[in-house]
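Undergrad: Here is what each chain is made of, one letter per residue.
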Amino acid sequence: MYNRIVLAVDGSENSLRATKEAVKLVSLTPGCHIEVITVVDFSKSKSEILHTQGKEELELKRRKKLATVEEILKQGMVEYTLKFLHGEPGPTIIDYANKKKVEMVIIGCRGLNTLQEMVLGSVSHKVVKRVNCPVLIVK
Amino acid sequence: MIEKLKGNWFFNVKGDVLAGIVVALALIPEAIAFSIIAGVDPMVGLYASFCIAVIIAFVGGRPGMISAATGAMALLMVPLVKEHGLQYLLAATILTGIIQLLFGVFKIAKLMKFIPRPVMIGFVNSLAILIFLAQVPHIWGISVMTYVFVAVTLAIVYLVPLIFRAIPAPLIAILVLTAVAILSGIDLRTVGDLGIIKQELPSFFIPDVPLNFETLQIIFPYSIALAIVGLLESLLTASIVDDMTGTESDKNREARGQGVANMITGFFGGMAGCAMIGQSVINVKSGGRSRLSTLVAGGFLMFLILVLGDWVVQIPMPVLVGIMIMVSIGTFDWSSFAYLRKAPRTDAAVMLVTVIIVVATHDLSKGVIAGVILSAIFFVSKISNIKVLKRQDNDTIVFELEGQLFFASVDGFVDAFDFTATDSHIIIDFSNAHIWDDSAVGAIDKVVIKYRENHNKVTVRGLNASSKKMVDKLAIYNDANAKLSAH
Chain E
1 MYNRIVLAVD GSENSLRATK EAVKLVSLTP GCHIEVITVV DFSKSKSEIL HTQGKEELEL
61 KRRKKLATVE EILKQGMVEY TLKFLHGEPG PTIIDYANKK KVEMVIIGCR GLNTLQEMVL
121 GSVSHKVVKR VNCPVLIVK
Chain Y
1 MIEKLKGNWF FNVKGDVLAG IVVALALIPE AIAFSIIAGV DPMVGLYASF CIAVIIAFVG
61 GRPGMISAAT GAMALLMVPL VKEHGLQYLL AATILTGIIQ LLFGVFKIAK LMKFIPRPVM
121 IGFVNSLAIL IFLAQVPHIW GISVMTYVFV AVTLAIVYLV PLIFRAIPAP LIAILVLTAV
181 AILSGIDLRT VGDLGIIKQE LPSFFIPDVP LNFETLQIIF PYSIALAIVG LLESLLTASI
241 VDDMTGTESD KNREARGQGV ANMITGFFGG MAGCAMIGQS VINVKSGGRS RLSTLVAGGF
301 LMFLILVLGD WVVQIPMPVL VGIMIMVSIG TFDWSSFAYL RKAPRTDAAV MLVTVIIVVA
361 THDLSKGVIA GVILSAIFFV SKISNIKVLK RQDNDTIVFE LEGQLFFASV DGFVDAFDFT
421 ATDSHIIIDF SNAHIWDDSA VGAIDKVVIK YRENHNKVTV RGLNASSKKM VDKLAIYNDA
481 NAKLSAH
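So the protein lines, in turn, are chains E and Y. Position 61 (the first sequence) corresponds to 61 in UniProt numbering; numbering is contiguous. Position 342 (the second sequence) corresponds to 342 in UniProt numbering; numbering is contiguous.
Chain E with its partners taken away, still in its complex shape (with noise of 0.2 Å):
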């Protein structure tokens, strides 16, 4: 059915609940490959890399957050890639998903950050109204 769908997420309840439902749409098509992006905030890099000691203890604590978000995908047994981009949430995976002729994105309705959205706007919300493709939005 689809190809390639990329499957947003920053390991809040809402990413684990779209990554269920991407794990049941990519069932139906054998060989379905996902591209799992998370987006590192950059007003977060700052505080980060002051709270570790170096690179790799970095990279570590990030995939971390995401350890249940693959915990979900392995026992589906899909096959996917993981990939951290850097910038702003919302612009970035429009910008990603945009650029590299994504057949679906999916996502969680409501983020980590509810204050922030509170003011801003959610992150879905942008996603919808300006990728090119359909979006799955997963409350």
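Each hint should be verified, as a subset may be incorrect.
[As the list claims (entries may be wrong)] Straight line, CA to CA, 35 Å or less: simulated DSBU-like cross-link-like pairs of lysine-lysine:
1. Y:Lys110 with E:Lys64
2. Y:Lys387 with Y:Lys113
3. Y:Lys107 with E:Lys44
4. E:Lys100 with E:Lys44
5. E:Lys61 with E:Lys129
6. E:Lys100 with Y:Lys342
7. Y:Lys110 with Y:Lys382
8. Y:Lys82 with E:Lys64
9. E:Lys101 with Y:Lys14
10. Y:Lys366 with Y:Lys285
11. E:Lys61 with Y:Lys342
For the record, the hints were derived by calculation from the structure and aren't laboratory data.
Chain E is fixed; fit chain Y onto it per the hints.
TA: Relative to the frame of chain E, chain Y by itself:
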């Protein structure tokens, strides 16, 4: 050649030029404020920001990073300027550059990555506190309008970005409030009251100091502190830019570049500077990625001063102070409070000690050095804890060791044994231990021989390959008539 030029400079022209302009606008108030902190004319900071940014664009190791006059460096210079004046500061700046260049050439800069994280957290926090404290004299007890302008500035810089982000909020605050101050005729201190702005390009001159040993004695301690702090902040900033852009950078080239930039800047009447975390983050966020954005930032800054110098002196001090308070709030690592609760006690202590020493001495380098020494001591004391588990079956006593045996842990090791046993079989098991040096072997000798004196049979087992090699080479307990020497 052209390919290389493109790869380094022109792969992102639009983003770089725009970001460079945004950074230049944000640099002006900071360059002026840091000059005021250091106790010199605003021109010294502005020339420094121009020279350093332009030079580092060519010689730096981290494209997209912004270097200029900084608060960390300005704070270190205060006593030098107060006691000896500007010329000595310029000489110290040149020497700082030479030291940094040497650090880069001999790859000492790479060692900076071994600076423990609590020290770095303490570094940025104390920097933030010092920048804030430097603003207090410009706020406290001057006039009611001063308080009002500081408050309005803070309101603008924090609230405006929520709805409008095309123009940097500090610039909006400066434009609006300078206009208000001029038009309403409210009596406020201005930048012009604290120094003059010259609308001319910097020119080459040799600092007017006697070239003798006495001068060196005066400037050397400052230069070494400036060199260390400058590299520390620059390499931290480089790591942050690396992470934000997902690219690598050449840290040794950056160290050499910082050296070259400071050296030249000193000859053009600028004060020592380094990379700036805040400005570099602004640059990357605004789309700057290459050397071009750094060059544009420096060039456009100078252009603005040449064109708008007359207006810059009219900026009310309270507005500048408000912006500096924002800078200090942005510099502070607010997750430190959580860190203090969650981190190991020793790490939290190192962080606090670093901050306390810096705030007490107003010298960032002293805090960093104290922090590094303290964490080294904590590290040694942690690793020198050696555990000895005793197990007894019939007349065999087994001691199982766990940890590192070296000069700092031998005392604990020897004390852990009781030498009351007689006529038994003693096994010392090193399976979970490692032997590092002569002191360790000496301690094993001591224990083995003492047990033998009481007619025990002693077996040493479980030594790993390198430990065994060391014991075989140095230990004397295998000699049948070995005796403890009388120390």
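Undergrad: If a hint holds in the structure, say so; if it does not, say that too.
TA: Here is what the structure says about each hint:
For the hint pairing lysine 110 of chain Y with lysine 64 of chain E, the CA-to-CA distance comes to about 28 Å; that is within 35 Å, so the pair holds. Straight-line distance between C-alpha atoms of lysine 387 of chain Y and lysine 113 of chain Y comes to about 31 Å, which keeps the hinted pair within the 35 Å bound. Among the hinted pairs, lysine 107 of chain Y with lysine 44 of chain E is consistent with the structure: their alpha-carbon atoms are about 29 Å apart, no more than 35 Å. For a cut-off of 35 Å, the pair hint linking lysine 100 of chain E to lysine 44 of chain E stands: about 26 Å separates their Cα positions.
Of the supplied pair hints, the one linking lysine 61 of chain E and lysine 129 of chain E holds, its CA atoms being roughly 32 Å apart against a limit of 35 Å. At roughly 41 Å between alpha-carbon atoms, lysine 100 of chain E and lysine 342 of chain Y are farther apart than 35 Å, so this suggested pair is violated. Proposed proximity of lysine 110 of chain Y and lysine 382 of chain Y is supported: the alpha carbons are some 25 Å apart, at most 35 Å. Using a Cα cut-off of 35 Å, the hinted pair lysine 82 of chain Y and lysine 64 of chain E is violated, with the two alpha carbons roughly 51 Å apart.
The hinted pair formed by lysine 101 of chain E and lysine 14 of chain Y meets the criterion: a straight-line CA distance of about 24 Å does not exceed 35 Å. About 33 Å separates the Cα atoms of lysine 366 of chain Y and lysine 285 of chain Y, which keeps this hinted pair within 35 Å; it holds. Of the supplied pair hints, the one linking lysine 61 of chain E and lysine 342 of chain Y holds, its CA atoms being roughly 16 Å apart against a limit of 35 Å.
Of the numbered hints listed earlier, those contradicted by the structure are 6, 8.
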